[in-house]
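With these hints in hand, go ahead and build the complete structure from the sequences.
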Amino acid sequence: MNTRTANPNRPEPEVEPEGQESYIVSEGKKRGATRDVRAEAAYDRYYTVLRVHAGDAILTDNWHTNEVLNHARNNFEGVTFAMRTLEAWGAMIENDHRAYYTAGGRIWMMDLEPSEGKKKRLPGTGAVKK
Amino acid sequence: MSRVLLIDDTPEIAELLTFSLRDLGYEVFASGFTEAANDLIAEQRADALVLDCTAFDMSESLFDSVRHHPNHAELPVVIISDTPELAEASLRSRKARKVLLVPKPFTGAQVGRALAQLLE
Chain E
1 MNTRTANPNR PEPEVEPEGQ ESYIVSEGKK RGATRDVRAE AAYDRYYTVL
51 RVHAGDAILT DNWHTNEVLN HARNNFEGVT FAMRTLEAWG AMIENDHRAY
101 YTAGGRIWMM DLEPSEGKKK RLPGTGAVKK
Chain C
1001 MSRVLLIDDT PEIAELLTFS LRDLGYEVFA SGFTEAANDL IAEQRADALV
1051 LDCTAFDMSE SLFDSVRHHP NHAELPVVII SDTPELAEAS LRSRKARKVL
1101 LVPKPFTGAQ VGRALAQLLE
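If you read the protein sequences in the order shown, they are chains E and C. Be aware that the first sequence starts at 1, since it is given in our numbering, and climbs by one per residue. Be aware that the second sequence starts at 1001, since it is given in our numbering, and climbs by one per residue.
Be a bit skeptical, because a hint or two may be false.
Calculated lysine-lysine pairs in the DSS-like style (CA-CA distance at most 30 Å, straight line) [as the list claims (entries may be wrong)]: (1) E/118 with C/1104; (2) C/1095 with E/120; (3) C/1104 with E/119.
The hints are simulated quantities; they were obtained by calculation from the structure and are not laboratory data.
Okay, here's the thing in structure tokens:
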């Protein structure tokens, strides 16, 4: 049988630090989402992203700009999304034909087309892989 | 201006995140994966550390080595993780403090907000 007796020479155990109440920085309501989703977006409306571009901005041809644009094009262009999915990914839908998406410190334009539902990715869309 | 050391084992992400955090007003020093995190923190006089390693184990071992350093026991740390629930359980079990997890996929703004919260 183990018995423990108080040892006057043993130092008092240090008080353990209290942990934090929360650790995960969570934003948005959908798992994996990075933004809040508007309540009205819960009613599934679908949009096909026809094109991602910089609007009338003049783009600097550098690695960072090209990388961000290619990334956005590969992820969105030609793909039909539920409205709430687009919003969960941070796109701000202005109307049925235009959304704004912030990435890499710049706002990108998305040309939209309303869709009846999910459909296959449009052929020939997205940035060409190098 | 707060000084942030970013340790990221993916150079492209490191570059994007550096750009984004600089845009938010942080002075950022980026490094690939290194076991000499404590030396870099001291060299760069970092006010905070951001860890983004492919596997949480790698970030976790760096976090532990930083926390075991007497000067860095309270250094704010942001860990970017694709397994935030597991990472949270691990941090909770060791009663970690001054650390926040940003789940993937993430934005630079999220990391910026986590840093701001820790550096308040």
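Hints versus structure:
1. E/118 with C/1104: Holds. Residue 118 of chain E to residue 1104 of chain C sits at ~25 Å (cutoff 30 Å).
2. C/1095 with E/120: Violated. Residue 1095 of chain C to residue 120 of chain E sits at ~47 Å, over the 30 Å cutoff.
3. C/1104 with E/119: Cα-Cα ~26 Å, so holds.
Going down the numbered hints, you'll see the structure goes against just number 2.
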